[in-house]
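Colleague: Guided by the hints, dock chain B onto chain A, whose structure is given.
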Amino acid sequence: MTAALLVQSTVIGLSIGSIYILMALGLTLMFGMMHIINFAHGAIYMLGAFVIYYVFFQWGAPYFAAFVLAMLLLGAFGYLVERSIYRPIKGGIEPTLVALLALTTLLQAAGYPVFGTLDKHVPPVFSGTRNVLGVMISVERLMIIPIAGVLVVGLYLFINKTRMGAAMRAIEQDKEAAALQGVNVNVINGLAFAVGFALAAAAGALMAPIFKLDPMMGEQPLLKAFIIIILGGLGSIPGAILGGLILGLIDSIVATALGAELAFLLSFVFIILLLLFRPTGLFGHAP
Amino acid sequence: MRRSAPIATALLVVLVLLLLLPFGGGDYYVYLLALVFINVILSASLRPSLTCGQLNIGHSAFMCIGAYTSALLAKNLAVPFEISLLGGAVLAAGVGLAIGYPSLRLRGVYFAMVTVAFVEATRLVAQIWVPLTRGNAGLSGVPKPRILGMTLATRTSQYYLALCLMLVVLLILYKLEYSRLGLVWKSIGMADNLAQSLGVNIANYKLLAFTLGCFFAGVAGAFYAHFIRFLFPPEFGFLLATNILVYNFVGGRGHFAGPIVGAVFLSLLSEPFRGSPYETIFYSIVMLLTILFLPGGLITLPGKLVGLRRRRTVTAPSPSSAV
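Going line by line, the protein sequences match chains A and B.
The opening residue of the first sequence carries number 0 in numbering that gives the first Met the number 0; numbering runs sequentially from there.
The opening residue of the second sequence carries number 0 in numbering that gives the first Met the number 0; numbering runs sequentially from there.
The shape of chain A in the complex, shown without the other chains (with noise of 0.2 angstroms):
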């Protein structure tokens, strides 16, 4: 491998682990505060796409405009799902995660006619190329890390330094005794939905210029996130971020060397590995 094709497999390898970090950090609050695995998180994604190709591509509207829209529509509808499906449940693992699974699959499924079954393209949105350290790159690709580091630092701020992040990380530490200190739990579990519905949008919007997009095209980003997740520990930001960094990079470089398709199968068995012999991940603690 030549200086400059792994300096474009690096500079690729960021921006896609960037969109693996968004959609790991939902998941993993979701886990963290509510232990449950959100498998409709693919379709969130999809839909995220979705909502850049018709409100930006068809009527027109600024990028950004419709960026944000994707990120409010779907978060209100991570609300939603929490006060209709994961509330009534009343926190039975079992039934919420295929209660979440038949979510995935209704919206997968209704995704083919309503959005039609032909592959969809957006246009690009920035254009040209930029020189990094002698080697050209999209910048339709290197804008996705700042866009989504921005994100990441903004969700470090709102948990670390609002009082509702506060609650969530009370719920996280031991939701009976968030309750009596006076959380809210349902309303704060009800945003932690949002937020994650929230990210998962923003990584579909950002990666909708640069992918085809079609109703199933979340199951891959999901599948990444969970190995990420695995592998910084269910339940830690830290280890999701970090996790998301390391495997863009192999991805990016595997998929180089060896072709997208082998890299993927080799990616499961790597999952099925981590979680057989390392289940706590590579920075977590017992489960």
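Treat the hints with care, as some may be off.
Said to hold, decoys possible - Pairs of lysine-lysine residues, derived as BS3-like cross-links and limited to a Cα-Cα distance of at most 25 angstroms, are as follows:
1) A:K89 - A:K160
2) B:K303 - A:K89
3) B:K185 - B:K74
4) A:K160 - A:K174
5) A:K89 - A:K211
6) B:K185 - A:K89
No lab work stands behind these hints, which were simulated from the structure alone.
Modeller: Below, chain B alone, put in the same frame as chain A:
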């Protein structure tokens, strides 16, 4: 106990109707029912491991292994159906054992994620290993089932084969559920710590439940391969695995009949949209409604209706009851 006589009679009537169906119905119903029987085997074979509290979202992977093994044995090596079916089931069980053994320590969400990753990995192997499986072009020309040197050429004869397979599998699973083993599985599902403290080796029992399920999923897959005679990797993905789980939850997890009721009900009602996205939409909506409004599944519906009527008569006694 006094209710068991009418239930036995009802089962006998259903069995006679199923045996007579090929004489009354056309080839279409014979074909449809045989597919329903496959779904019943898949659904019922997931139950032991669900009873132990393991959320397996990858059951279709084992069906896939059984289907490809049996199809390739019969097609490439001209192995008779009895042997190839057994080979498919044994390989499915073997892979189940290999994946189940190390994942026994995992609980709930972790186990569910292993199975999701496994079902996608299996599908990808079937897709990538083109020299053996023909990949996404699909494996066609799988021979019809041949038993004791006799080829089952007609749909009707294949229907009876499917019926026999289903009855044998259900009988075995039923006997196991109401044996000591079934009680141990149930105790693990209810409180595994307590079961362990009472001296139950929960790891072995969970592994047995999981491997047994994989074996029967392999049986279902092997029959499917020789019945449809065309295998296509994406059909064995995550969606089919979710459907098998949905049969169990919609039917109800509290009783042996639950997965059977769920598989029959959903397979028959979704028949108008089979193969289209509306099938999945229908399944998903039924699943969400069941979990939200009938958490015990369809099998608790008669009891609930009776309870409702009884409550109504208590709160507002009708003149006739006063007499």
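Colleague: Within 25 angstroms, alpha carbon to alpha carbon, are A:K89 and A:K211?
Modeller: violated, 38 angstroms
Colleague: Under the criterion that the straight-line Cα-Cα distance not exceed 25 angstroms, is the pair A:K89, A:K160 satisfied?
Modeller: violated, 29 angstroms
Colleague: Compare the distance between the alpha carbons of B:K303 and A:K89 with 25 angstroms, and conclude whether the hinted pair is satisfied.
Modeller: Holds, at about 21 angstroms.
Colleague: Please work out if B:K185 and A:K89 have their alpha carbons no farther apart than 25 angstroms.
Modeller: holds, 22 angstroms
Colleague: Within 25 angstroms, alpha carbon to alpha carbon, are B:K185 and B:K74?
Modeller: Given that 25 angstroms is the threshold and the Cα spacing comes to 41 angstroms, the pair is violated.
Colleague: Sort out whether A:K174 lies within 25 angstroms of A:K160, counting only the CA atoms.
Modeller: With Cα atoms ~20 angstroms apart, A:K160 and A:K174 stay inside 25 angstroms; holds.
Violated hints, listed in ascending order, are 1, 3 and 5; each of the other numbered hints is respected by the structure.
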